[in-house]
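Full structure from sequences and hints, please.
Residues per chain are reported as follows:
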Amino acid sequence: MVSMFDKGKIEGVKTGGAETIVGTSVKLKGNLKSDGDIIIDGIVTGELKTKGSVIIGPNANIIANIKAKDITVSGSVQGNIEATDRLDIMETGRVIGDISANILSISAGALFTGNSKMNDSHREIIQEPVLEEEIEEKNEAK
Amino acid sequence: MYYYIVNPAAGGAKINKIQEKLIARLKRLGIMGEFVKSTGADDVAKLAKLGIERGYKTIVAVGGDGTINEVMNAIIDNDKIVLGVIPTGTTNDLADALGISDWYAATGILASRKIEQIDLGKIANKFFVTSVTIGFDSKISGSRRLSRGNFIEKSRYAFKVFTEAASFKPISAFLKFDNNYEAEADCFNIIISNSQFSPAIKKDKKLNDNLLNTMIITKIPGAKIFKYSYLADSSAIDLPRISVFRSKYIDITTKDPVDVTADGQIITKTPVRISVTDKKLRVIVSRKRKIK
Numbered sequence: 001m002v003s004m005f006d007k008g009k010i011e012g013v014k015t016g017g018a019e020t021i022v023g024t025s026v027k028l029k030g031n032l033k034s035d036g037d038i039i040i041d042g043i044v045t046g047e048l049k050t051k052g053s054v055i056i057g058p059n060a061n062i063i064a065n066i067k068a069k070d071i072t073v074s075g076s077v078q079g080n081i082e083a084t085d086r087l088d089i090m091e092t093g094r095v096i097g098d099i100s101a102n103i104l105s106i107s108a109g110a111l112f113t114g115n116s117k118m119n120d121s122h123r124e125i126i127q128e129p130v131l132e133e134e135i136e137e138k139n140e141a142k
Numbered sequence: 001m002y003y004y005i006v007n008p009a010a011g012g013a014k015i016n017k018i019q020e021k022l023i024a025r026l027k028r029l030g031i032m033g034e035f036v037k038s039t040g041a042d043d044v045a046k047l048a049k050l051g052i053e054r055g056y057k058t059i060v061a062v063g064g065d066g067t068i069n070e071v072m073n074a075i076i077d078n079d080k081i082v083l084g085v086i087p088t089g090t091t092n093d094l095a096d097a098l099g100i101s102d103w104y105a106a107t108g109i110l111a112s113r114k115i116e117q118i119d120l121g122k123i124a125n126k127f128f129v130t131s132v133t134i135g136f137d138s139k140i141s142g143s144r145r146l147s148r149g150n151f152i153e154k155s156r157y158a159f160k161v162f163t164e165a166a167s168f169k170p171i172s173a174f175l176k177f178d179n180n181y182e183a184e185a186d187c188f189n190i191i192i193s194n195s196q197f198s199p200a201i202k203k204d205k206k207l208n209d210n211l212l213n214t215m216i217i218t219k220i221p222g223a224k225i226f227k228y229s230y231l232a233d234s235s236a237i238d239l240p241r242i243s244v245f246r247s248k249y250i251d252i253t254t255k256d257p258v259d260v261t262a263d264g265q266i267i268t269k270t271p272v273r274i275s276v277t278d279k280k281l282r283v284i285v286s287r288k289r290k291i292k
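Heads up: the protein sequence lines correspond to chains A and B, in order. Under the numbering used here, the first sequence has 26 at position 26, and the numbering climbs by one with no breaks. Under the numbering used here, the second sequence has 138 at position 138, and the numbering climbs by one with no breaks.
Bear in mind the hints are in silico, worked out from the structure with no lab data behind them. Here the structure is a predicted model, which means the values were calculated and not measured. Ideal Cβ placement from N, Cα and C applies to all residues, glycine included. Incorrect hints may appear among the rest.
[Claimed, not checked] Calculated pairs, SDA-like style, for lysine to any residue (alpha carbon to alpha carbon, straight line, at most 25 Å): (1) B:K219 x A:I43; (2) A:K49 x B:K248; (3) B:K57 x B:G30.
[Said to hold, decoys possible] Away from chain A, derived, C-beta distances all over 10 Å, residues of chain B: (4) K57; (5) A183; (6) D186.
The following block contains the structure:
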């Protein structure tokens, strides 16, 4: 068993507690489904789906459809992206495909080719409160 | 009554240094039992079976991960037996995972007798508790005992790590997870564990979540291998070189057959399938360690 796991010697590596990590120079192929967060810095072809977040690093090259709660793209993605909450395409991000999100952010310098759709179903339509005096005024006007 | 199986060679014969204190402590706690010592690799399993025949219900492995592995494989078909652990080995990863820091703490934990069930992994028809490794760690696993020896043994271990690091070539591996997705990489190390033995694996992973955690380390620069393997400093690994996956089983093939280590012992060569099983190990754990 590797000695790096000796107690008290593990602080050197920090991953933010992601459940799945595809590191640089790893090629992944197939359908990756998860309940937790995913970090990708390698090459992925297939499909990615998670209830958590997906962070796509600057070295990542992805040919896949992606569905997750929050998605951050700093690398290259060819495929459709569906963020049930937030999608951030960072300045080094390259996306070719259709995207949808509740909250969308595209940084200056990012490349995006495709259709975008903002879901507004989560936004509550808040009506201005009507004061009692205003109702009375309206009634008087009638 | 407890049945203690001692591996006298474990951890550079550590038992010789602590034996008298250990027995005194066990007597004081009222959990003294029968002590048997193994004489060789296959002897541990034979002694465990002998203990079951004699009617013992608690069998305590006194040694490291290798000793625990042999005891566990011998008792696993008998669901009335409970395993206890007193860590005296070169690697004590299972004890760490169970919240057992050292032999002294282990005695108190045995006396308080909190029993939990943990998942077991399976490889090549053998069960494992802690982890399976393929790559550089398997290369040096046979020499790990030297790392806890005297100055000369430590120097020999350092030399071994240094020479292996100089000549080590990454292993071209192909991993298939649950038949859903495949990973391909040139690997420095592949580690499949049943718990959180790695900082790269989320901290709430349980010993009984019915999943295995696989960590792939693709590359460590030659100069940093020594820092990683001998000085146990994981900062030698660059984060982008780490990959982590979770699955019920993994099929691993390599370009050329390489050694596969389970619970610190070389047990087979690639290609291999590693999986979690339905079997559960009943083990005495620290009251501070919560397995949900």
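Checked hints:
no., hint, result
1, B:K219 x A:I43, "16 Å, holds"
2, A:K49 x B:K248, "18 Å, holds"
3, B:K57 x B:G30, "16 Å, holds"
4, K57, "29 Å, holds"
5, A183, "5 Å, violated"
6, D186, "7 Å, violated"
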